[in-house]
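Q: Just so you know, the sequences run in chain order P and W. My numbering puts the first residue of the first sequence at 1, with every later residue one more than the last. My numbering puts the first residue of the second sequence at 247, with every later residue one more than the last.
Simulated from the structure, these hints should not be mistaken for lab results. Incorrect hints may appear among the rest.
Among the chain P residues that face chain W by a calculated CB cut under 10 angstroms, a handful are [unchecked claim]: (1) S76; (2) L184; (3) L194.
Note that the structure is a prediction, hence the values are computed from the model and not measured. Every residue, glycine too, gets a C-beta built ideally from N, C-alpha and C.
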Amino acid sequence: MNILVACKIIPDDQDIQIAGDGSLDFSKAHQIVSEYDLNAIEFAAQLGEATGSSVKAISVGAAAADDSKVKKNILSRGVDELFLTADDAATDLDSAATAAELAKLANAADGYDLIVVGTGSADFYAKQVGVHLAAKLDVPYVSGVTKATVNGSTVSCTRVLENVVENVDVPLPCVVSILPDAALPRIAGMKDILAAGKKPMNVSAAEGVAAPAVSTVSLAAPAAVDRKCEVFEDIDSFVAAVKAAL
Amino acid sequence: MDFQLTDEQELLLESVDEFCERYFTDEVVEQMYAEGGMPDEIAEAYRDAGFGLMGIPEEYGGVPADKVTVGLMIERLYQKSGCMHILYQNSLSMFDIIEFGSEEQKQQCMEHYMETGWPISSLAISEPGAGSDNQSMTAVTRKQADGTYVLSGQKTWVTMGAVLPYTIVVAKDEDPSHDNRNMSLWLVKMDTPGVSTAPLHKIGQQCIPFCEVYFDDVVLTEDQRMGEPGKGFMMLMKNFEVERAYVVAEQLGLAQAALEDAARYANQRIAFGAPIAKLELIQELLCDMEIKVQNTRNMLYKTLWMLDNDIPVQLESAMLKRYGCKECFEVADMALQIYAGLGYTTEVRIGRLWADMRGNMFGGGTHEIMAYIAGRQVAKKYAQ
Chain P
1 MNILVACKII PDDQDIQIAG DGSLDFSKAH QIVSEYDLNA IEFAAQLGEA TGSSVKAISV
61 GAAAADDSKV KKNILSRGVD ELFLTADDAA TDLDSAATAA ELAKLANAAD GYDLIVVGTG
121 SADFYAKQVG VHLAAKLDVP YVSGVTKATV NGSTVSCTRV LENVVENVDV PLPCVVSILP
181 DAALPRIAGM KDILAAGKKP MNVSAAEGVA APAVSTVSLA APAAVDRKCE VFEDIDSFVA
241 AVKAAL
Chain W
247 MDFQLTDEQE LLLESVDEFC ERYFTDEVVE QMYAEGGMPD EIAEAYRDAG FGLMGIPEEY
307 GGVPADKVTV GLMIERLYQK SGCMHILYQN SLSMFDIIEF GSEEQKQQCM EHYMETGWPI
367 SSLAISEPGA GSDNQSMTAV TRKQADGTYV LSGQKTWVTM GAVLPYTIVV AKDEDPSHDN
427 RNMSLWLVKM DTPGVSTAPL HKIGQQCIPF CEVYFDDVVL TEDQRMGEPG KGFMMLMKNF
487 EVERAYVVAE QLGLAQAALE DAARYANQRI AFGAPIAKLE LIQELLCDME IKVQNTRNML
547 YKTLWMLDND IPVQLESAML KRYGCKECFE VADMALQIYA GLGYTTEVRI GRLWADMRGN
607 MFGGGTHEIM AYIAGRQVAK KYAQ
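Next up, chain P with everything else stripped away, as it sits in the complex (with noise of 0.2 angstroms):
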């Protein structure tokens, strides 16, 4: 079986400047893995390990994804191959284009039987490519799964929604979008480092990307509020000063 986990990299948000008018400097930002990422590719290696299959990365983004460090991160955790469009045509794409360039790269990876994705990324948190991508290619879609077991040609999927449990069987392929409690990642030990820097790390340019159907009108910090250094005496003048400002 051909397991693929999507993954975005994006700016490290401890990086990130904000300027006096609350507009972001991304320039000095370190590329990370999403943090939600994090929980489908341990979700997808750890599926590899129990079915014994391969699982492969694939990711979109900016050149900046072209990162050395990032991809020997992806590839520390499981993951046996790296399927990565890098390119400046692919900086801030919205969910459909992204889910279209993730889907050049799932056909490219030799095939695919299931692709996990993320609840959403830690950047824009739309929590759109998982469906988007699955329309794409044209197979089903679960989205909240706890919990897959592959069965033949299905898998059985757990769903936790707000009331209720609920478990599903899909055919397979198709795509399915995990909740972060899904699977804690792994530590990568220096063994899983130093191996990830051999494995197979396939990176392309874009080419014919879809134009993006949402653009960003304005993006910025909200405004920083100065601490006003008071010292409270008792508890009751600091009760009615937070009562105060509510």
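Knowing the structure of chain P, use the given hints to seat chain W on it.
A: Coordinates of chain W only, in the frame set by chain P:
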């Protein structure tokens, strides 16, 4: 010079961050200090991540790693866990067994580690009357007519001595007198008749239990000997230099944690209508703390780099231990000063960091002994 870390080193440090964040929660650390140990779960996770296998040869299941990388890992481990636990020291006795032990002892050592996450043995070197003055040790083995040996003596400051199943003992061969320079290493099972322990109660480092170990006519067999007869102490000394560097890596990580705590607190604590970080005397403390941390880090990395390149470090490792452990302790002391009264309570961790780090000013050799080792070499280096 290139101070840039490799991708692999950076990823390793990120893994260490994840490990510490996941396992050294405030509740767990509090429990460790209260109970005087570390949960098995952490030892097992450390083994599973392969951190404890770094530097052990691949043929024994280890992970290839240069000493700079091991030092980086240790520094980050203590910076991010923010407490003085046993983890890095666990590898030291394993290094000795892998280097000096018989094939059977090596296999036994690695099997035990992979099964439990704990090393198979502690190290029993110091005696009540012989620390750095090792020539004064009196523990002795005497060969018997039946070919066995009888071990007699007392060891002290044995880290994890009462917890681990074996201990590596250095003892004089046949004659305990001062002039006898022949010593051997023995791998002794702690449940052997004649072995007993007594706990030592410390004012810091409570997560790392120490004890005294008594050997009352303990019968040993030849296959318990490690390495060449009579060369025991020389063998152990061979690893002292890298061990000095690693203890500084531990101290440096803790100093970095203390510095970060103090700087954060100085930015939060309001006095006279402004954060105390705005006060010049606090800024001077923070500046001097950063200088001490950066200087120690530079000395540490250079010494480890020299070790990796087979350049002798007898001078550098002694200077590093003397300077690094003392200056890093002073960082903790200055951090406590910034916290003032709050730092003297158990509400924040700086007090226990301070007490833990004080111990590294003599553990692994006092800094007076380090001056003795280094000073002679400096005089020789510049002799006309």
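Q: For every hint, state whether the structure bears it out.
A: Each hint tested on the structure:
{"no.": "1", "hint": "S76", "result": "6 angstroms, holds"}
{"no.": "2", "hint": "L184", "result": "8 angstroms, holds"}
{"no.": "3", "hint": "L194", "result": "6 angstroms, holds"}
Going through the hint list in order, the structure satisfies each hint without exception.
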